[in-house]
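Engineer: Spelled out, the chains give:
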Amino acid sequence: MSAEVEVYFEALLFIAERPLSTAELAELAEVPRAQAEGELAALAERLQEDGRGIRLQRNEDAWQLVTAPEVGARLAAYAAREEARLTPASLEALAVVAYRQPCTRGDVERVRGVDSDYVIRSLLHRRLIAEVGRRDTPGRPVLFGTTFMFLERFGLTSLDDLPPLTSDAAQLAALVDVADGA
Amino acid sequence: MTQAEPMEPVEVGEDAVALPVGGAEFKLALPVFEGPLQLLLHLIESRELDVLTVPLAEVADAYVDHLTRHPVDTANLSEFVATAAQLIYLKSKRMLPAEPLPPLPTGSDEPDEEELRRRLLEYRALRDAARAMGEWDGMTPVMRREPRESDLPEVPAEPLPASILAEALASLAAIPEPAPPPPEIVAREITIGQQIAVLREALSRGGRIVLQAILERCGSRTERAVTFLATLELVRRRQVPAAKDELFGPIVIETLPEGSR
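Protein chains in written order, with my numbering: chain H, 164 to 345; chain Z, 85 to 345.
Bound-form chain Z, shown alone:
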């Protein structure tokens, strides 16, 4: 977009505020406000008002105006909005004819000007302290003694045997290269049903099989996986019992005696 082109009126974004449009109150560098108290305090201080005495309702418009023109950090949006609501409430109270209000029930969360003022004062005191701390941060550091060598934790005295590395390398080398891929992709479907048939067939011959032996004969990983799933399916249907005596031991599958099916 260049200035020579005729432009549609556009929504003025946050960056556009920085255009030099003149005016005494114009500020080039707009501070970014992280929180509502920071913004409120800035509005009061930039008008050279006294936090102690200024009716906070007087800054309500400026506060809301700022929020509508400058997007704020969404993480703290609710805080900004809550404070806006509080200020608008305080302003509305001032605009209405004075009328004695009924006393608030204790523990009410009715916006209270004094409470907000107290928070502003507390925030200002700590903000100023933080600014001062920023000034002398690291200016006059004090240092403790550097730890001596003897203070440092000891390294294990026993070196690890080098043979561990050699063994690790050997076992890596022992893993066979993966088989070269087939020249073309062959779509092959193996279903659990098929493998159930294979298992039944094997069982019908001996009445007792070792699952690992069946899996060894499988051609591919998929076939193995499906065969295993087929076994699980048979066990789930309670058509065969499967037993295993030890961890990683042979899994024995048997045909059930006729009567118990």
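This is chain H alone, in the form it adopts within the complex:
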């Protein structure tokens, strides 16, 4: 029974022309949402562990089938896809959004200590980030998050694949110790 739904999801996502949400998939399979979540996680794991040529990619609440990162470079040659390099400033802003999402332009500027209006706009233009809502603070600033395009470009199956920030927690803890000792 369970395998049946998983197989159905695999086939459905294969023909889908856009990422499908968990809710949509649950409804199509006529299973509860929680079960759909489980089936999708199982499918993702199976594709990964069997080392298949396709993987299940997740962004927020949406799913799509993509090619495996291992063959990405060779596929890029076939698909003649050559992306323009990102500037160090764009990469910095993108890293802040990726690790701190959802976050505002102000958050990016606070971390980087520089005006980031232009880089944010260029990332939006490249569709590596997108508006995901507004923060409930004065001015209701726009919140940004990364997109499927971001995951695809960096060969990630989901945001969980982002390598942990160097040390964040350990260093901040050490900082507190230093402050206490001083």
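Derived by calculation from the structure, the hints in this document are not laboratory data. You may find that some hints are simply not true.
Take a look, some chain H residues computed to stay more than 12 Å from chain Z by CB distance [stated by the list, open to error]:
no., residue
1, 209
2, 212
3, 214
4, 232
5, 272
6, 278
7, 294
One side only, chain Z facing chain H, incomplete, derived with CB under 8 Å [claimed, not checked]:
no., residue
8, 121
9, 207
10, 210
11, 213
12, 326
Don't be surprised by glycine CBs; every beta carbon is placed ideally from N, CA and C.
Here the structure of chain H is known, so what remains is to put chain Z in place on it, guided by the hints.
Structural biologist: For chain Z alone, kept in the frame of chain H given last:
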């Protein structure tokens, strides 16, 4: 400017730094700093100091020195200056005899070394992440299925009638060629006053005129425009009423009955 010529001492510009003057610490390629945190971190790292423990006041001089010698991006100048002020403050605190400071009121924007250090650490973590991302950017892309033909939006099935093009061309061709310019430029002045006189004259004959009929008789565009302005002027002075029944319809101007002026 060549080297053979004797030169006045000149202000050393930013390019001049690249001249090979020797010295162990000399660097050929100076990184361009976009923000104060980037610069501060560079100064700390280039001295192989530990961000966690180095008193930030120790880099204050190097920071200010860098700013005086290298112009920075004006867009972020205030950020650079604010950080400079913060560092100088931290340094001044260290130089003064230790004295217990009164506790700061909460919400004070007094420069706080720990806060600055925390920002540096956070910035460093994300800068390093950005560098790493730059390394694997596009190296192992994953791809979704290319959209099939059936996924693409449909083109309108009904072609537009070709007659639209023909009509557009015909109406273009119907526009007369502009009249050739006069052989010499004739300075001619038409004033609103003159045209008011013309309108009054016309009104005095029938007591009622159609503005478009007057405009038809005008020789030039300027004359038309001034006549129109003259009409507006008369209406504004409430000397004549103007009425129009429909959009683009005839504008009728009348003389007012004697008593109502």
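Engineer: Indicate, hint by hint, whether the structure satisfies it.
Structural biologist: Hint check:
Every C-beta of chain Z lies more than 12 Å from that of residue 209/H, the closest at about 17 Å, which supports listing it as non-interface. Every beta carbon of chain Z lies more than 12 Å from that of residue 212/H, the smallest distance being close to 17 Å; the non-interface claim holds. Annotated as non-interface, residue 214/H keeps its C-beta farther than 12 Å from every C-beta of chain Z; the closest such distance is 14 Å. Listed as outside the interface, residue 232/H is inconsistent with that label: its C-beta sits roughly 4 Å from the nearest C-beta of chain Z, within the 12 Å cut-off.
Consistency note on residue 272/H: stated as away from chain Z, yet its beta-carbon is not over 12 Å from all of that chain's, at 9 Å minimum. At roughly 5 Å from the closest C-beta of chain Z, the C-beta of residue 278/H falls inside 12 Å, breaking its exclusion from the interface. Distance to chain Z confirms residue 294/H as a non-interface residue, since its nearest Cβ pair spans about 21 Å, more than 12 Å. Because the closest C-beta pair between residue 121/Z and chain H is about 4 Å apart, less than 8 Å, the hint holds.
With 8 Å as the threshold, the beta carbon of residue 207/Z comes within range of chain H, its nearest partner Cβ sitting at about 6 Å, so the hint holds. Hint status for residue 210/Z: holds, given a least beta-carbon distance of 5 Å to chain H, under 8 Å. Annotation: residue 213/Z was flagged as interfacial toward chain H, and the flag holds, the nearest CB pair being 4 Å apart, inside 8 Å. Given hint, residue 326/Z at the interface with chain H, is violated; its Cβ is 50 Å from that chain's nearest Cβ, farther than 8 Å.
Checked against the numbered hints above, the structure breaks hints 4, 5, 6, 12 and satisfies the rest.
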